[in-house]
Amino acid sequence: MAEDDIYGNKLKYERFLERVKEITKPTTSRKYYCKNPENVKYFYKLIPYFEAKDLSYIRRYRVLSFLAIITYVLEKDLAECGRDDINTLVAFTHRTHKTAYSKGDAVKEIKIIWKTLFPEKDSQGRLDETIVPYPVRHLSRLVDKSKEKRRNDKLTWDEFQKVLNFFNGDKRIQAYLMLALESLGRPQEVLYTKIKDYE
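Just so we're aligned, residue 800 is where the sequence shown starts under this note's numbering, counting upward by one.
Among these hints, one or two may not hold up.
[To be verified] Under the rule of at most 30 angstroms between Cα atoms (straight-line distance), these lysine-lysine pairs were calculated in the DSBU-like manner:
#1 875 x 834
#2 914 x 852
#3 897 x 834
#4 830 x 914
#5 914 x 961
#6 902 x 852
[Said to hold, decoys possible] Simulated restraints, written as ranges between beta carbons of each label pair:
#7 985 x 846: 37 to 43 angstroms
#8 953 x 828: 35 to 41 angstroms
#9 828 x 982: 45 to 51 angstroms
#10 926 x 994: 25 to 31 angstroms
#11 874 x 977: 32 to 38 angstroms
#12 898 x 844: 26 to 32 angstroms
#13 994 x 921: 20 to 26 angstroms
#14 806 x 942: 24 to 30 angstroms
#15 962 x 875: 53 to 59 angstroms
#16 988 x 825: 30 to 36 angstroms
#17 844 x 874: 40 to 46 angstroms
#18 960 x 834: 38 to 44 angstroms
#19 825 x 981: 53 to 59 angstroms
#20 975 x 882: 47 to 53 angstroms
Read the hints as simulated data drawn from the structure, not as lab findings.
We treat Cβ as the ideally placed atom computed from N, Cα and C, and that holds for glycine.
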């Protein structure tokens with residue numbers, strides 16, 4: 800059974816469930832609301848899925864919050880949505896999810912929600928949650944490489960030299976910083992490598 804975490808996500812999730820009935824009303828405290836009352840049933844349909852998978856409360860809250868975005872953008876019944884509607888939804892998420900990672904995450908959420916709510920049938924007519932439903936099958940989490948940007952937290956060479964000069968008296972720290980920058984090793988790999996293995 801899922802347990803509460805230090806951030807109180809169990810309470811957030813339970814409050815969300817209490818307010819699902821009112822999710823069709825726009826309020827100042829909620830940015831996204833369900834524009835079509837027919838779509839409220841899908842919030843409740845996800846609850847048994849959460850219980851069966853024993854998902855953490857933060858994950859449950861995230862999925863329901865993302866479903867609120869979906870029901871805000873798509874005004875028709877979700878079961879009737881086609882590829883064009885899904886493309887409209889993805890275009891909207893590009894405005895709300897700015898980084899390449901979060902854009903891929905949005906696509907992942909859409910696929911998971913569609914697989915859970917509208918599973919395809921296998922060759923023998925049984926529901927099969929492993930098959931990606933047709934309306935979302937064309938979506939890909941890969942982001943155009945030309946749109947990827949360098950992270951803003953990386954140091955320029957001048958900034959790095961200032962850090963090295965600051966530790967002028969401690970050759971060990973200077974060696975560690977140069978190793979971290981020039982070896983391209985992940986921090987855990989660098990820390991577990993023996994000194995005799997470095998040139």
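- Item | Numbered hints the structure breaks, given as an ascending list | 5, 10, 11, 13, 16, 17 and 18
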